[in-house]
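Enquirer: All chains, full assembly: derive it from the sequences and hints.
Using this note's numbering, you'd call the opening residue of the sequence shown number 1 and step up by one each time.
No wet-lab data here; the hints were simulated from the structure.
Note that the structure is a prediction, hence the values are computed from the model and not measured.
Warning: the hint list may mix true and false statements.
[Said to hold, decoys possible] Taking lysine to aspartate or glutamate and the EDC-like style, the derived pairs with C-alpha atoms no more than 20 Å apart in a straight line are:
#1 K81 / D7
#2 K39 / E52
#3 K39 / E92
#4 K94 / E49
#5 K94 / E53
#6 K39 / D83
#7 K67 / D83
#8 K81 / D66
#9 K84 / D66
#10 K24 / E53
#11 K81 / E53
[As the list claims (entries may be wrong)] Ranges of calculated distance between the beta carbons of each label pair, as one might list FRET restraints:
#12 R3 / Q75: 31 to 41 Å
#13 Q33 / G70: 37 to 47 Å
#14 E36 / D66: 18 to 28 Å
#15 P80 / A57: 16 to 26 Å
#16 R13 / K84: 12 to 22 Å
#17 E28 / R72: 12 to 22 Å
C-beta: ideal position from N, C-alpha, C; glycine also.
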Amino acid sequence: LNRQGPDTGTQYRSSVFYADDEQKAVAEAYIQQLNEAGKFKKPIVTTLENLEEFFPAEDYHQDYADKNPGNRYIQMFAAPKVDKVRSEFTEEVKQ
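Expert: Spelled out as structure tokens, the structure:
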């Protein structure tokens, strides 16, 4: 809870923001399915929160990894996660 890789704090919490009841139900069902299947060592702590308003990130955050591939954080933490998703979900990931 409240952690992403080496970073900790409430700003690093994992959340799904849903726009309607159908999206909420789908997210709840999938989290339950993953927990019951024992996909992860610990229960999923992702929260479900109603999407009230959306704020785009600042321009310097847009495409950050693509624009900063030499950044150590990108190399050590972000890129390996992206690679893992691409290898495990080949059919679902856009090229």
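Enquirer: All hints, please: hold or fail.
Expert: So, going through the hints one by one against the coordinates:
Proximity of K81 to D7 is assessed by CA-CA distance (about 15 Å); at most 20 Å being required, the pair is judged to hold. For the suggested pair K39 and E52, the alpha carbons sit about 31 Å apart, so the restraint of at most 20 Å is broken. Distance restraint check for K39 and E92: the Cα-Cα separation of roughly 18 Å lies within the 20 Å cut-off, and the hinted pair is therefore satisfied. For a cut-off of 20 Å, the pair hint linking K94 to E49 is broken: about 26 Å separates their Cα positions.
With a C-alpha separation of about 27 Å, the suggested pair K94 and E53 falls outside the 20 Å cut-off, and the hint is violated. In summary, the hint linking K39 to D83 is supported, as the alpha carbons are separated by about 19 Å, within the 20 Å threshold. At most 20 Å may separate the alpha-carbon atoms for a hinted pair to count; K67 and D83 meet this at roughly 17 Å. Between K81 and D66 the alpha-carbon distance is near 14 Å, which keeps this suggested pair within the 20 Å criterion.
Of the supplied pair hints, the one linking K84 and D66 holds, its CA atoms being roughly 17 Å apart against a limit of 20 Å. For a cut-off of 20 Å, the pair hint linking K24 to E53 stands: about 16 Å separates their Cα positions. As the CA atoms of K81 and E53 are separated by approximately 28 Å, the hinted pair breaks the 20 Å bound. Between R3 and Q75 the C-beta distance comes to about 20 Å, which lies outside the given range of 31 to 41 Å.
Under the hint 37 to 47 Å, the C-beta atoms of Q33 and G70, about 38 Å apart, fit the expected range. For E36 and D66, the hinted distance range of 18 to 28 Å is not satisfied, since their beta carbons lie about 36 Å from each other. At about 22 Å, the beta-carbon gap between P80 and A57 stays in the expected band of 16 to 26 Å. A hinted range of 12 to 22 Å for the beta carbons of R13 and K84 is consistent with their spacing of about 21 Å.
Between E28 and R72 the Cβ separation comes to about 37 Å, which falls outside the hinted range of 12 to 22 Å.
The structure does not agree with the numbered hints 2, 4, 5, 11, 12, 14 and 17 stated previously, though it agrees with the rest.
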